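Novice: Chains as they are written, first to last, in our numbering: chain A, 11 to 310; chain B, 14 to 462.
Honestly, I wouldn't trust all of these hints.
Stated by the list, open to error - Listed next, the in silico EDC-like pairs over lysine to aspartate or glutamate satisfying Cα-Cα at most 16 Å (straight line): (1) B/Lys439 / A/Asp145; (2) B/Lys92 / B/Asp82; (3) B/Lys374 / B/Asp144; (4) B/Lys439 / B/Glu269; (5) B/Lys276 / A/Asp145; (6) B/Lys265 / B/Glu231; (7) B/Lys363 / B/Asp144; (8) B/Lys265 / B/Asp83; (9) B/Lys276 / A/Glu185.
To be clear, the hints were calculated from the coordinates, so they are not data collected in a lab. Only a predicted model underlies this, so the values are computations on that prediction, with no experimental measurement involved.
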Amino acid sequence: MAFAFLAPSLLGMLVFFVFPLAMTVYYSFTAFDLSNPPKWNAFANWRYLVGGDPLIGQATLNTVWFVVVLVPVRTAGALFVAWVLTRARRGAGLLRTLYYMPALVPPVASTIAFVFLLNPGSGPVNTLLAALGIDGPGWFTSETWAKPSLTLLGLWVLGDLMVIFLAALLDVPAEQYEAAELDGANAAQRFRYVTIPNMVPVLLFAVITGIIGALQYFTEPAVASATAQGRAPVGQGASSLLGWPGQATLTYGQLLYSRAFGSNLLGYASAMAVVLFVVTAVVIAVLLRRFRAFTPEVAS
Amino acid sequence: MSPRTHLRRAVAAPAVAALAALGLAACSGGGGTEGPTAASSAPETVSGTIQFWHFFTDREAGVIQSVVDDFQAANPGVKVEVKSGQDDQKMRQAISAGQPVDVGLSYSTDQVGPLCSSGDFVDLSSYITRDGVDLNQIPDTVRGYTEFAGTRCTMPALADVYGLYYNKTLLSAAGYTDPPKTLDELADMAVKLTTFAADGSIETLGFMPLLGYYENSEAHWAPATGATWLNEDGTSAVGSSAGWAELLTWQKGLIEKLGGYDKLSAFQATLGEEFSAENDFQTGRVAMNIDGEYRTAFIADQAPDLDYGTAPIPVGTGHEDLYGGGYVTGNILGIGKGSTNPEAAWALVKYLTTDVGAQVKLTNGLKNVPTWKDALTSSDLDVPEQFQTFLDVFGNPHLVTTPPSKIGAEYQTILNTHTQDWQSGKVTDVQAMLKQVDQEIDAAVQLAG
Chain A
11 MAFAFLAPSL LGMLVFFVFP LAMTVYYSFT AFDLSNPPKW NAFANWRYLV
61 GGDPLIGQAT LNTVWFVVVL VPVRTAGALF VAWVLTRARR GAGLLRTLYY
111 MPALVPPVAS TIAFVFLLNP GSGPVNTLLA ALGIDGPGWF TSETWAKPSL
161 TLLGLWVLGD LMVIFLAALL DVPAEQYEAA ELDGANAAQR FRYVTIPNMV
211 PVLLFAVITG IIGALQYFTE PAVASATAQG RAPVGQGASS LLGWPGQATL
261 TYGQLLYSRA FGSNLLGYAS AMAVVLFVVT AVVIAVLLRR FRAFTPEVAS
Chain B
14 MSPRTHLRRA VAAPAVAALA ALGLAACSGG GGTEGPTAAS SAPETVSGTI
64 QFWHFFTDRE AGVIQSVVDD FQAANPGVKV EVKSGQDDQK MRQAISAGQP
114 VDVGLSYSTD QVGPLCSSGD FVDLSSYITR DGVDLNQIPD TVRGYTEFAG
164 TRCTMPALAD VYGLYYNKTL LSAAGYTDPP KTLDELADMA VKLTTFAADG
214 SIETLGFMPL LGYYENSEAH WAPATGATWL NEDGTSAVGS SAGWAELLTW
264 QKGLIEKLGG YDKLSAFQAT LGEEFSAEND FQTGRVAMNI DGEYRTAFIA
314 DQAPDLDYGT APIPVGTGHE DLYGGGYVTG NILGIGKGST NPEAAWALVK
364 YLTTDVGAQV KLTNGLKNVP TWKDALTSSD LDVPEQFQTF LDVFGNPHLV
414 TTPPSKIGAE YQTILNTHTQ DWQSGKVTDV QAMLKQVDQE IDAAVQLAG
């Protein structure tokens, strides 16, 4: 009887999760071009992944950069904005709306807008900087500045996280703050020992979804790369414009797509996907264990 | 329910989503089915509905639609559903996923290898033989790039030929009456035509030597020094083709003469979008530029007052015999392996690629080069002076293209990865770099099986 109730979800898991996962692992041991049946090639894809692909190192480094910089910056930024909004005495509703609005803009549109805002020649940002006597950087056209520019873009659209943090901050029991104050805790101590423990589940959600998003980061760097180049891929497909300038914005997810649909190496792309899955799973497992130290139960 | 349970569920959702995304590859393709072949005799009339996928948009999509309308008028039983704005990668995914892409128009000859070897586009031989299509009407180079390993799965539907565009007003002001014919002349003129603002930044650029700028690509430049890509067996010839080192050394020299990589990068950062009226050549920011023949249509549409000329791409010292040739690629048409109406699909392919009226109309509208000899000599062709250059290049024996490969254009991407480091100064040993390119291309070719 229990199995009958479980059957629909089990079937869904098998069809949409277990089977695709198993096939991806299988394809990673084959030469597969999307159209013809895959041919077994043992560990050739894995050898190429470890020592043959000239771009895998740069793409991995770029992705790690986004995980290490973009995720903490967005999380901290959203937390700060949410905290400021809890302190606002007037116009809180308007401020919340203003901070949230950029998150409603589709990523492609927001990225194109950001590239134009930061256009080194005609963008208002560099025009303003020039008026102040500052020689603005190339932003999306500079290998040095391309990733920080994408981080700025990520900060601009932090409304989604901000709303969640705001709700969590407003949900912290006021009596805990009062008790801490009576015990002589200063503002920093109240934040560390009252606010953070109460927000652990929300913070963990934000960090984990942020890391998964960063590991699969694709749209924003792809659009920024194409827009800043001033070129259209015409009919060649998206992979022809990924990574610019240099390989500064080439992410692991983009390389995977490019290898699969630009180079017709579906087998190799499957091996890359398996690695991405394993890395994601390990990172989540480690984070879950680490965050336990901050939970209220452990703290008590 | 505890907060931690909530948390686990919250984490589980994106994790499952990630896994689902991971498994997408597993949901696709794997068909390898044989495509349709021609009936023993051609049907008297064709009928039914067919899907026609192409990449054109805006004005150019309108030109395609007008010719499709002509086809439907000539074949009233056929309804063509046109899907515009579809790039090559999307089209291949659709064909592999079993969608009925009856006729596909691909942008690049780099796709011929994957399309033919995979069977995504069906072998057209049976249709061509049955209908007695005279392939001698197609120039040799074009015939070469529209088949792969003996399989003709595509027919050419106009070609793109590349040449040098020059701004007559700017050249005249600098004392030049003719465009450069050699790379050395190009470099000298580029330096003289370049002007600087008071802060030292480039105001007007004679010629942009950075690869990646608009149509500045290794493939488009290669004919200047006879640089080649692949050996007969599909392995890399980049390291052993002396033309690459010549070309890249010349490029590095010009970068330095124009003020260095950083100064040129800063200029490039402010470029106007390639296919808009803000294109640098059209606005006069750049005096000379490599581009395709289609630019003549964009100039007529967006900058009709621009006084410009066109010429073959300049050649390197010692390669003067190559002058007049250039790079050609082109649009290719094929029938998707999942076509549900292959006879009507073939009728459309045949119409677009062999009908003189259709080719002339497409040529006049798109300002591409016709690929059917009778269309090339048609008196109905609208051939402005600047466009004639590209017809001449197309007929030159030194016209070259990029060879088809199982890895598509990946071999070009690999070289480009390295030339970006070369032009920025991160790499200084060109020979060692080209050897490294050989190894990487060979590894990718070997992996493709």
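Novice: Honestly, which of those hints from before does the structure not fit?
Specialist: Structure breaks hints 1, 3, 8, 9.
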